[in-house]
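Protein sequences, first through last, are from chains P and B. If you count by my numbering, then the first sequence holds residues 227 to 517, one letter each, in order. If you count by my numbering, then the second sequence holds residues 2 to 274, one letter each, in order.
Take every hint as true, because none was put in to throw you off.
Quick list of simulated restraints, FRET-style, between CB atoms:
hint: 1; chain 1: B; residue 1: 11; chain 2: P; residue 2: 380; range: 34 to 40 Å
hint: 2; chain 1: B; residue 1: 50; chain 2: P; residue 2: 289; range: 52 to 58 Å
hint: 3; chain 1: P; residue 1: 418; chain 2: B; residue 2: 193; range: 37 to 43 Å
hint: 4; chain 1: P; residue 1: 287; chain 2: B; residue 2: 163; range: 51 to 57 Å
hint: 5; chain 1: P; residue 1: 303; chain 2: B; residue 2: 28; range: 32 to 38 Å
hint: 6; chain 1: B; residue 1: 193; chain 2: P; residue 2: 429; range: 42 to 48 Å
hint: 7; chain 1: B; residue 1: 179; chain 2: P; residue 2: 418; range: 49 to 55 Å
hint: 8; chain 1: P; residue 1: 374; chain 2: B; residue 2: 50; range: 15 to 21 Å
hint: 9; chain 1: P; residue 1: 303; chain 2: B; residue 2: 68; range: 37 to 43 Å
hint: 10; chain 1: P; residue 1: 248; chain 2: B; residue 2: 28; range: 49 to 55 Å
hint: 11; chain 1: P; residue 1: 374; chain 2: B; residue 2: 132; range: 57 to 63 Å
hint: 12; chain 1: P; residue 1: 314; chain 2: B; residue 2: 55; range: 41 to 47 Å
hint: 13; chain 1: P; residue 1: 322; chain 2: B; residue 2: 258; range: 28 to 34 Å
Over the 10 Å line for every Cβ pair with chain B, so calculated as not near, a few chain P residues:
hint: 14; residue: 275
hint: 15; residue: 278
hint: 16; residue: 287
hint: 17; residue: 288
hint: 18; residue: 293
hint: 19; residue: 295
hint: 20; residue: 296
hint: 21; residue: 298
hint: 22; residue: 307
hint: 23; residue: 318
hint: 24; residue: 387
hint: 25; residue: 440
hint: 26; residue: 468
hint: 27; residue: 483
Quick caveat, the hints were computed from the structure, so don't treat them as lab data. Glycine included, C-beta positions come from ideal geometry on N, C-alpha and C.
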Amino acid sequence: MTMTTPDQIGSVTPARRRPYGLLLVATPVLLVLWLIIWPIISAIITTLWVPTPEGSAFSIETYRFFFSDGYSLSNLSITLWTTGVCAILLLVVCLPIALYLRFSNTKVAAYVQGLAIFPMFVPSIILSFAFIRVLGPNGTVDLLFNAVGLPKIRTPYLTPWGPVIGLVWDNIPLTVLILLSGLGNVSNQAIEAARDVGAGRFALLWHIILPRISNSILVAISFAVLGIFSAFTLPYILGPAAPEMMGPFMQRTFRDLYDPQTAITQAVITFGFCIVFGLFYVRSVAKNRAA
Amino acid sequence: MAATLTHRKIDWTGIAFAVVLTLIIVFPLLVVGTWAFTNVWRYPSVIPQEFGLRFWEQTLARADVWSSITMSLTLAFTVTALSAAICLPAAYAFARLDFPGRNLLFFSFLAGHAFPKFGLLVAIAGIFLQLNLIGTFWGVVLIQLVGTLLFMIWIPVAAFQSVDRRMEEAARDVGASPLRVFWSITLPQAGPTIAAAILLSFVGTFYETEGAWLIGAPQVRTLPVLMISFINNQPVIQYGAVLSVLLWVPSFIALLFARRVVNSGSFARGFGG
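Extracted from the complex, chain B is given alone in its bound form (with noise of 0.2 Å):
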């Protein structure tokens, strides 16, 4: 493989990896999409007996499923929300300003990801259990925006410092105000970036599960949560199919709007690679 440096005709080895990699990663997901729209489908008949959309009647009528998806959105409303609060102002701060320990401050939120994950959550339950936080809407949020520190700092820290501060400048030297000079100059320049990274959040937050369902369960359950509890209590296949769907779509979004970036290689850099 390696000596593909010089082009052939046909690259048998690509096709070869196109091949195993479509059976094993798309494969899977398109049975989940067909069973979704599958009336009957009963075994040994490799396809459906009846394709149909019986069951996104019947999921969507269910109660549980319209409460996890309130629930999942408002969890993911409020952690974004209160994560841009706390977090912009900080990464503007990280980019623009200096003050004693900026370094230490700014590198601290690499803390998080030097312990496996669930681990921590573990630890960060026990503190929970004395401050009654267990099984609270509060103590979900709290968990999840811990999970969103790192990457909502700096993603925006970046995005402002690649603003071009001569043009800052200029504005200011003509007479603009700082807060003119942020909102027609640093906001437009930036704003794609953090953008991302809010969008980023959202998605992250949404699919969130083990802290929802460590801290959470069972009094609060989103969309992840009652997709565990249909995998391994519904005999009726195609209701989880049908929310597996449902499910995918914050994932969708983000995907037409993040692979430009997920493929450029300061994100691989990011991750430390």
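Chain P on its own, in the form it takes in the complex (with noise of 0.2 Å):
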């Protein structure tokens, strides 16, 4: 990340330059450093460095035990099937949602990014609440189908598709504002020159679109990878007991096991699988603001 050029977040008068900034900016900053970066690096010293009758001395004893314990592998298994699944689903459904409302502006689109939008107003636990009471057992689809003589579904209610759906549900707006953003990048007139020349509508959509919005795409991938990686709520309410996805398994761990040792390995360890989605989000969101 670049961060130094002067200009980045707009100018002030060089006249105007006052260190007393510094006092009115100190104590949100200081906060930050006490509540995010000393707590990341702290966990990665007390997991690193264990006590020992001589003293603290170096091991990585706690991440192998991680590596090697069969139950914590297969949550750590679970939570990368669950957020690989859920990403994939999130562009299928949210990038024919954002080219529809990039290339149309009837009604009906003003109305369709009203409903793509409304999640971000439902806060999730209200949403899994949703979720049991519709596809749960005798759930409005189980009394739906009754009602025309279909037999009941089987609820993904406290399966690993429980979490997938509910975590799709709640990734959808922002994934199509950020698509819809990039979208905006691609110019009529790229597209009509293309089709001009006779390009096809997946023609069109292969190497006039995708390629202008490539870097959207693994923005939106990055955030909603962060975002459902750890996630805890719609996982604890909506998935299985066993194997269980990192953010209820930390949580166990923490409050349940009384094991914070233990549970901060874990966190460490999704701070590992996480780091690359970030960097690259923390960047781009960087670059945005200071443009």
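Fit chain to chain and form the complex, with the hints in mind.
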């Protein structure tokens, strides 16, 4: 990240260079240092330097335990599976919506956009409750199927598909908005020019649109991965008791098993798996803000 | 879909999206809303046997519901007030003053967003454990306060930067004091955006579940945390449904005010889009 060029957040007149500005920003900056930077450093230190009879010594024992423990590994793999499936589903669902919204301005399009953004205003706890009422045992879908003489569904509630459905629902708004913002960079001229030389819909999408929004797709995926990998509420309520995703797993290790050392090890491992997405995401946000 | 550049008479693609999204997004919420106003709804009847408000009375008569509403509101007010008190002066400084490390510090607020959130919460909880902040009101305040910093600084900075500087200078030229200029020129122009940031951080804090659950439970029980226990342990469905409707009120208010902001392109760009 380049953060040092002076004009990045908009310039101020050089004559007004006043160090007392530092005082005004000190409290929030110290909070970031104390409650974000320091916990991360401390987490890495406390999991690598474990106390021994002769003082603390470097050891990767907690990590070795995680990666040799069958239960931890199955939790990690269900997390990776959920994150991957959600990311793919989000693209499959949101890209067509975003493409449609970009290229139409009918009243129906305004309604579709309103709907696509609406989940942003539904807290995930209400979503979880609605999910259980609709797709859970004897839920509304069962009621309707029963009324027309169909058998009950095999409910996704408390299976790995429960969190997948919930997390995709929850992430639709920002994915659509980020993709739509990327599609804003695709000019109508480029598309008309391609069409003039006879490009079909698919060729248009593949050669003209996708290359221009590839960065937005990566940003959308990074944002979704960061949110889903350590999601807590939806997997905790909708997912199976075992194997569980990393979020509920860390919470249970920390609060129910009173084992903060192991919980923090699990947290550092989630950092490790997400670091590429995290840095890429932060870089994109910083670049956009600076522009 | 990409070819819908030219208008067709009937927007079939749009109608298909509208129908599917209505089913997936609106329908589940309507089901919850129906449950909240239902006295009796036994399987396998497709519509409730008896509508009514009986469970509103019963839910609102519960002590745990009132104590968690009070707790949620107290927390959200405390966090938002603290956040405004420390972030707005900082935002003003970032927008108007030059000082060493200004850019680095400005972008440092992104740090929390480079990590999966719950992992970060667990790392913070490790620190709070040593400070005996687990299970305390102020522990939850601190963890939720950190969550508001980015928006409470970045949005107001943009607001202060968009204020017309020539008007401020003109006011200074005719002899207005700096405080007077801030009060009469700067604040009215930046005010609406700052109010939106404050509203968003209030609503965000009100619904913050993960930090409250990890740090605060069981001593600090907010409305979303109570809702989790209703979902897990409460056989009476209507309690959860009524609580869902109550819980949704702040979000509804945010929806009324924030839709224009959210639909504008700058909002998505704020998320890196």
